[in-house]
Each structure stands twice: as C-alpha cells, then as structure tokens.
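**Q** First to last, the sequence lines map onto chains G and F. According to the working numbering, the first sequence is numbered sequentially starting from 1. According to the working numbering, the second sequence is numbered sequentially starting from 1001.
Certain hints may be false.
The list that follows gives simulated cross-link-like pairs (lysine to any residue, SDA-like), each with its CA atoms no further than 25 Å apart [unchecked claim]:
hint: 1; chain 1: F; residue 1: LYS1088; chain 2: G; residue 2: GLY146
hint: 2; chain 1: G; residue 1: LYS192; chain 2: F; residue 2: SER1143
hint: 3; chain 1: G; residue 1: LYS192; chain 2: F; residue 2: ARG1205
hint: 4; chain 1: G; residue 1: LYS55; chain 2: F; residue 2: ARG1112
hint: 5; chain 1: F; residue 1: LYS1075; chain 2: G; residue 2: THR143
hint: 6; chain 1: F; residue 1: LYS1075; chain 2: G; residue 2: ARG265
hint: 7; chain 1: G; residue 1: LYS278; chain 2: G; residue 2: GLN261
hint: 8; chain 1: F; residue 1: LYS1067; chain 2: G; residue 2: TRP383
hint: 9; chain 1: G; residue 1: LYS55; chain 2: G; residue 2: GLU309
hint: 10; chain 1: G; residue 1: LYS119; chain 2: G; residue 2: ASN80
hint: 11; chain 1: F; residue 1: LYS1075; chain 2: G; residue 2: GLY263
Which stretches of chain G does chain F cover? Using the computed rule of at least three CB atoms under 8 Å from a CB of chain F, they are [claimed, not checked]:
hint: 12; segment: 56-62
hint: 13; segment: 83-93
hint: 14; segment: 96-108
hint: 15; segment: 139-145
hint: 16; segment: 190-200
For the record, the hints were derived by calculation from the structure and aren't laboratory data. Please read all numbers here as calculations on a predicted model, not as lab measurements. All C-beta atoms, glycine included, are put in the ideal place defined by N, C-alpha and C.
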Amino acid sequence: MSRNGMNQGDESSFLSGRRDWLRTAGALAAGAAAPQWLRDGTAFAEEKPGGSESKMIVRCLRPLDLESPVEVFDSFLTPNDMFFVRSHFGAPAVELTTWRLAVRGLIERPLSLSLDDLKELPQATLPAVLQCSGNGRSNYAPTVPGIGWGKGAVGNAEWGGVRLVDVLKRAGLKLDEGHVHMLGGDAPPSAKTPVFLRSLPLTQALHPSTLIATRMNGEPLPVQHGGPLRVVVPGWAGHNWIKWLRTITVAKEEAPGTYQQSGYRMPKVPAPPGADLKPSDLVPVTTMPVKSLIARPSAGARLKAGRVEVRGVAWTGTGHVTAVHVSTGPNAPWQPATLLDDERPGTWRRWRWMLDSARPGRLQVRVRATDSNGQTQPETTPWNRSGYLWNGIDSIECEII
Amino acid sequence: MIHRSPVFPAACAVFLATLLGALPFAMSGPENADREDRLADGQLAFRNNCLMCHAEEMVVRSRLTEKQWAAEIDKMVGWGAPVPPESKGVLLEYLVSQFSDPKASPVGPPQRMTLAEALAATRPEAPEKTQGDANRGAALYASNCATCHGPEARGGDLGTCLVEKPVLLRPTEFRQVLRQGVRRMPGFQLALKPEAEADILAWLRTRRFELAAP
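Only chain G is shown next, with the shape it has when bound in the complex:
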C-alpha cells in the first residue's frame, strides 16, 4: 500500500476541507457492492479458496510482512520467493554498506569480519524450520495486538554459513556462562523506538547448529530474509533469528531493552485475559511447540469422491516428530499418517494420508502431530496476551462431490 494509504485524488479533497474529504470517501465506499465476506460476517475469509497460490498473503506492506499460502508447504524446502517475510522496522538499505560483522564484549580479541573473512571459516549447511513466534495469532480469542498471521508465517529452508561457535572461538570467549547480544542493521523508525536488540544464552549460541547464515536454499541469503547475514537457531522461534546481523556482543547479562526484557515473554502458567502478571511470572519465548499443517488439499477444495492424498508437514522445537494422525471430523477416530524424511531435529517432516471418501458432502480434515518428548498438539493453545506460539490442531473443510 502507498505510504499514506490514500490515493492521489483524495489528497486534494483532503486539503479542501475535512468534511468534504470524508464525504467523498464515504460515498466511494457506499457505492461499491458489499463483498461476500462483509455480508456474511465471516472474519477469516482469507482462509477460503480463490487467491492465486503463487502470491504471498500481504499482512503489512511497510514494514513488509508477508505470509506464505499453505499450499507452498507441499514440499520439504520452501522456495525463497514464497518464504514468509517479517521484520519490525523493515529491511535496511544493505547495498549502502560494505557489510562487516563486529564481535565485541567479554572476548579476548574484538573482531571486525568481512563477508570474505567469514568464507574462510568452516562452512556448515542444515535444513531448519523458521517460524514467527506470532504464527497463528489470528486464532486467539479474544484478539490480541500484533500482525494477524494465519497459518503461513513458517517455512523450511536449507541454511548455509558459519557456526556462531566458530566465530566466538576465533574471538576468544572470556566466560563460560553468559549471553550473546545480537543487533542488526535495521534502525528503528524513531530514536524513541527501542532497538531490536536480542540475546541468546551462551549455551544456545555455542550449539553447533546455531549458524550465521549467508546462504538460503543454495542462493546468497536474500535481503528480505536477512541477507547478507542472519542468525539461524534451529528449534527456536523466529525472533531469535536476527536479520541483517552486524554486531555481536558477549556479556554476562541478557540484552537490555524492551525486545528482550518485556517483549517475547509468555506466562509460565497460562493466565486468562486480564490477569495481573508480574515480570517474574513470565519466561522468554524460546523453542517452538510441536505443530503440523495440511498443505493439500486446499481449504474449501471440491474433491471427487474416492481416494485423495492428504499431505502436509509437521515439526517441533526440541527432538523430532514421531507421529502424525489425521481424522475426518471432531468425533472421527485419529488414524496414523505416513511420515517421510529423517528424524532430524530443527527441520520438519512431510506426512501423507489417504482419504477415501465415498459419500458426497462437506468433510472436515484434521491433523495432529506428536514429538519425541511425548508432546501432542492440543485442540487449541491456551490464550496469551501477545498471541505467541499457537499450535492448536489444524483443520480444513473440503467438499466431496
């Protein structure tokens, strides 16, 4: 959408007087036939079919927040140009700078590494699921502030780059316990807006799967996904995967500031809306809970009676997915789906299940995953005031004809 959200014409009518401007716009709106979603009052018409599957779902244009349509998840790797996009302040103009990564704080040797310096360190590549901590936020009732993500603020890519531990070793760590602060090149829109400064506990920063990525699915990491450098923390939700990484600071304490100290926290024990929570009742959002999505058929699909393969993906933050079950209605039995791909932490597994439907009519298909910690997806996720980590059972409706 345009910067000011108004079309060219209204700028002049705006200047000619407030009321006139309002009337013109009101008449414009009244003249248009009300679309179906307005008439039947359905809040989430976007989940209905109709949109082209090759287009992203726009949640916000400035900063850019794009969601993948679920059909994209009918594949192990999510293509870069269909991978969801999220940031707080929008991508910086990375082309202005010869990118360098500064390493400082409680280390022996402060570093300023060029992209070429990073190429000389051992390279690592791994597939991992990146999911926004707010994915599925629109399922929470009562509604909460924040981008109203549906299902698709998630994707699985092959990330390539260097291990964060190798960079820290080169700098020479001075402590065994502590935190690694991470800051990107995305300046907040105002000097009063908190910077997006985040930290990882040292144990997680030293984990061999924690990367500084320079590549995504075999391509140089695209700017909208954090290029030239982005942190990859398999199993952990997206707010830890700092984009446009420029400064790493090793410190005893967690990062200061809003985005670490009060943002991205959830109550230890679910608390109802309006509950009075103290800071000590909250814990940082880290690993993702077990979750699955149906990629095919599409919601609202009209299917011929007979055999139809239902397919999708399932993942978890710690361990791996051990089972996926599908059912065809709230009271129908859960039946095991076939799992594909390796039992590998951090990434997802595809699953498939054969639907055999003889009877025409509407049909609900539900899916539920279980992981190696014995965790199974709940019917709905307990409400939390920022709408984090939704992992309720996924379902779609189709019609058998």
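Given chain G, put chain F in place with the hints provided.
**A** Below, chain F alone, put in the same frame as chain G:
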C-alpha cells in the same frame, strides 16, 4: 503523496472502503453531530500520527478493545508517535468505533502479491551518475531537516529515522519526498536546489546505525 500510490491503486480503494465506509455520516441531531466531529478529528489524528512509521494495515487490520487501543496509543506515543495530548481522546474514540468489533467491521481478505511486486516499493533504483557533496549536505541537513529528523537523522520529535533506509537508494523517490512533502513533512521545492538535494542525500548515505558498546 504520489510516490508510492500508483503501485497499488486497488489496495487504496479497499483501504478507503474499510477505513471510511463505516463512519456514521447519516446520523442527525446535535449529539450525533458532535460525535461525527470527534470521529472526523480522530481520523485526522490517525492519518497525521499513525502512518509515518508503518502502513495502515498495522492498525486497520487489528480488532482491539478500548483498553487494548488505549494501551497501543500510549505505547506508540512512547515510541515516538507525535500525538498531541488533546488528540488522544478523539483518536481512541475513532479507533474503537472502527476497529473493535470483528462482527460489526469484519477484517477483509488480505491483498495477494508476488514477492517481486511487494519488494517493488523498496528495491534500489539504478545507481545515479551525479553524486552530491556530503560535507555541504551535512550543513544543509542541519539547517533544514534536523529539527524534525534529529541531528543524527535517527528520528526526532516529528520526523522518522532516515539512517540506512531504502529511500536513500531510491533517488527519484527521495527527490519527490523532498519536493512535495508527505503528510506532516513539508515540501522543499522552493527552498532547495537540485544540487542541495543531492548533497543532503550524499550525507545521509554516510550515516550508519550503530550502538555504543555497553
């Protein structure tokens, strides 16, 4: 402003319908006229204070209670939204009247776009041949822009942060913003010559977003 509008005309129409369609113009009587006035003032306050850092989708696609909207306004004021204290009440009334009840004002289907289309508004333009003088630009910036955008261009009382922002790689758009202004930013068409615009751009391009080591 025209510099981004032509890209998404359909989106604007949808936005107008959502944002403005539900205002209660048809009401009559002195109390309703008062309310109508307040809502119109609130809408103005929204336009003037809530669209400089993010697009309206951030707001108009939310459905929040009065308490939640009041908290959002306070949060945004703390983050730099220049809402005058006397406008807070009408802004709140406006947001609550339009964006609270998902049944009364359902959230419409979102736009669909390819990644390339979505990136079009921020993608760098071809690099320019002529380059400005950053030293001269520093002085021009200090006297013309710093009051709003802050001495270091990190954002001030009225203007947003310009450091490392994509507009710096979009000289045509940059010039258009400078000449014509955007919402609360005045146009400098008469005050600045093209060389001065290039000088300011050159200086802004040298700025970097950094934090002092703790």
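**Q** With reference to the structure, classify each hint as holding or not holding.
**A** A quick look at each hint next to the structure:
1. F:LYS1088 - G:GLY146: holds (21 Å)
2. G:LYS192 - F:SER1143: holds (22 Å)
3. G:LYS192 - F:ARG1205: holds (22 Å)
4. G:LYS55 - F:ARG1112: At roughly 5 Å apart (the allowed maximum being 25 Å), ARG1112 (chain F) and LYS55 (chain G) satisfy the hint.
5. F:LYS1075 - G:THR143: holds (18 Å)
6. F:LYS1075 - G:ARG265: At roughly 17 Å apart (the allowed maximum being 25 Å), ARG265 (chain G) and LYS1075 (chain F) satisfy the hint.
7. G:LYS278 - G:GLN261: The given pair, whose Cα atoms are some 13 Å apart, holds under the 25 Å limit.
8. F:LYS1067 - G:TRP383: holds (17 Å)
9. G:LYS55 - G:GLU309: holds (24 Å)
10. G:LYS119 - G:ASN80: Holds, at about 22 Å.
11. F:LYS1075 - G:GLY263: holds (12 Å)
12. 56-62: Result for this restraint: holds, n = 7.
13. 83-93: holds (count 5)
14. 96-108: holds (count 4)
15. 139-145: Holds, because 4 residues of the segment 139-145 of chain G bring their Cβ atoms closer than 8 Å to Cβ atoms of chain F.
16. 190-200: n = 7 at 8 Å, threshold three: holds.
Every hint, counting from the list given before, is met by this structure.
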